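Undergrad: Sequences are here, hints too, so could you generate the full structure?
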Amino acid sequence: MNYANPKLRSILAGEYVLGTMPSRTRARFVRLMRYDADLVRLVGDWADRLSTIDATSKRTEPPTRVWSAIDFRTRPRRTKNMWRLWAPLGWGAIGAAAAVALVFLLFRPQPAPVPVAAAPSHPTVVAVLSDSYGAPGWIVTFNRPHASFDVAALRNLSLDDKHSFELWVIEDDNPLKLGVIANKRDEIVAIPASEVPKAGLVFAVSLEPAGGAPGNGPSGPVVYRGPILQD
Amino acid sequence: MPAEAANDGSELLELMRRTARRDHASFQTLYRKTAPQLFAVALRILRHREFAEDVLQDSFVAIWERASDYDALRGSPMSWLATIVRHRAIDALRRLGTRPEGYADSDEALALLVAGTDTSADRQLAIGALGRCLDQLEPKPRDAIIYAYAYGYTHEELSRRLKAPLGTVKSWIRRSLDRLKLCLDG
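For the record, the sequence lines run as chains B and X. If you count by our numbering, then the first sequence holds residues 2 to 232, one letter each, in order. If you count by our numbering, then the second sequence holds residues 564 to 749, one letter each, in order.
Rather than coming from a laboratory, the hints here were simulated on the basis of the structure. It should be emphasised that the depicted structure is a prediction, and the values quoted were computed from it without experimental measurement. C-beta atoms are modelled at their ideal positions from N, C-alpha and C, and glycine is treated no differently. Do not take every clue at face value.
Listed next, the stretches of chain X that the computed footprint assigns to chain B, with coverage defined by at least 3 CB atoms under 8 Å from CB atoms of chain B [to be verified]:
1) 575 to 585
2) 646 to 654
Computed list of lysine-lysine pairs in PhoX-like fashion (alpha-carbon distance at most 20 Å, straight line) [said to hold, decoys possible]:
3) B:8 / X:733
4) B:163 / B:199
5) X:733 / X:744
6) X:596 / B:8
7) X:703 / X:733
8) X:703 / X:744
9) X:726 / X:703
10) X:596 / B:59
Not the full set, but computed from the structure, chain B residues with beta-carbon under 10 Å of chain X [stated by the list, open to error]:
11) 12
12) 15
13) 17
14) 23
15) 38
16) 48
17) 55
18) 58
19) 76
20) 212
21) 213
TA: Laid out in structure tokens, this is it:
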């Protein structure tokens, strides 16, 4: 497609705003906009021209739960030392229910049973890490053949590029650093596991400077945690 | 430009600037001021409250993360926000692969564009200009633009609805955009 033709550029910007571009074409167009301020302006012009149509729809107040969810996903976290929050685990009813639902989802009976001879190598869910509202953020599975904890983000957890989430395992109030984990949905980070998970230990996620805590203990607040569910 | 943008334009601009600086209280005010219109936009495309709520939620998380990308080059704050919501609503439709059950086509946007139930002078004026320019198009090319914008119709859906081959629909849209631009800017 000839992106130098002024008339065509404006038409493409209009199609972008209309929403008729196939997904792949739109993705390519978005990439072009990054280096082409004039294309950005053409898109802005079309958004202004056509948004008149939006004024014809009856304004509708969304339910308050929408803002609650947005607030939860965007609210900046306080950065005071929250060590004292380690102790009581305070699993909210919602957190526990979410964990049970997730475990159920992952352990649903398989349609085709695994032959007995095959080694049971499928990963085991060991913890669901939730915030103080009970909203799950990560699921930790123990991957026995690889001797690793696979930590998967369950949704996109917003974070600026000056910070990282770091995973710890807590035994008798002593944190052991496991490393930085992903904050994009479905991204998995495998962390070498030196030992088989034991019930009674707790995983915790702290907010750290990009790259992880400078010392041996968390330097930022603990924002997610979850006990190891089983041996 | 819609009346909301014309009346609250400078206030929304200020809220956008503060949101870009990670001022969460201003972000909340931005939400309070714009969510009813943006929810209406998502509902109009999706016709399903739960899906529209999800789209609104994801859109505002994206707005929080991308507010620093916004500048006046991108149009009025309201147009920029509406584009984010509309694209996400259209993506949700594409993921579903079909329109939600009970989805009924409606000519409401079409009817209102012509009739204009709101009496605010600014809005009448704004709709008047777009309405007049839309009126200069042939009926089917004009409907193609309105259905695509208002309901997120794909080329295929427009082709079925307007009973015209895909290629014809695509050229209607291109020609209509070109004529609308000439008419509105001229």
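Undergrad: Each hint should be assessed against the structure and marked as holding or not.
TA: Hint check:
With a cut-off of 8 Å between beta carbons, the stretch 575 to 585 of chain X has 1 residues touching chain B; three or more are needed, and the interface restraint is violated. For the stretch 646 to 654 of chain X, the stated coverage by chain B holds: 5 residues have a C-beta nearer than 8 Å to a C-beta of that chain, and at least 3 were required. In summary, the hint linking residue 8 of chain B to residue 733 of chain X is supported, as the alpha carbons are separated by about 16 Å, within the 20 Å threshold. Between residue 163 of chain B and residue 199 of chain B the CA atoms are separated by roughly 33 Å; this puts the pair beyond 20 Å, and the hint is violated.
Taking the CA atoms of residue 733 of chain X and residue 744 of chain X, the gap is near 17 Å; set against the 20 Å cutoff, the hint holds. At roughly 36 Å between alpha-carbon atoms, residue 596 of chain X and residue 8 of chain B are farther apart than 20 Å, so this suggested pair is violated. Restraint check: the Cα-Cα separation between residue 703 of chain X and residue 733 of chain X comes to about 12 Å, which is no more than 20 Å; the hinted pair holds. With a CA separation close to 18 Å, the supplied pair residue 703 of chain X and residue 744 of chain X stays within the 20 Å bound.
Between the alpha carbons of residue 726 of chain X and residue 703 of chain X the distance comes to roughly 10 Å, so the proposed pair stays at or under 20 Å and holds. Restraint check: the Cα-Cα separation between residue 596 of chain X and residue 59 of chain B comes to about 14 Å, which is no more than 20 Å; the hinted pair holds. Hint status for residue 12 of chain B relative to chain X: holds, with the closest Cβ pair at about 5 Å, below 10 Å. At about 4 Å, the closest approach between the beta carbon of residue 15 of chain B and any beta carbon in chain X falls short of 10 Å, and the interface hint on this residue holds.
Contact between residue 17 of chain B and chain X, as hinted, is supported at the beta carbon level, the nearest pair being about 9 Å apart and thus within 10 Å. Residue-level restraint check for residue 23 of chain B holds (minimum Cβ-Cβ distance to chain X is 8 Å; threshold 10 Å). Satisfaction of the interface hint for residue 38 of chain B is found here, the shortest Cβ-Cβ separation to chain X being roughly 7 Å, below the 10 Å cut-off. At its closest, the beta carbon of residue 48 of chain B sits 4 Å from a beta carbon of chain X; the interface hint therefore holds under the 10 Å criterion.
Using the Cβ-Cβ criterion of 10 Å, the hint placing residue 55 of chain B at the interface with chain X is satisfied: the shortest such distance is roughly 5 Å. Hint status for residue 58 of chain B relative to chain X: holds, with the closest Cβ pair at about 4 Å, below 10 Å. The restraint placing residue 76 of chain B at the interface with chain X holds, with a minimum CB-CB distance near 6 Å, inside the 10 Å limit. Nearest Cβ of chain X to the Cβ of residue 212 of chain B: about 20 Å, over the 10 Å cut. The hint is violated.
The beta carbon of residue 213 of chain B comes no nearer than 22 Å to any beta carbon in chain X, farther than 10 Å, and the hint placing it at the interface is violated.
The structure does not agree with the numbered hints 1, 4, 6, 20, 21 stated previously, though it agrees with the rest.
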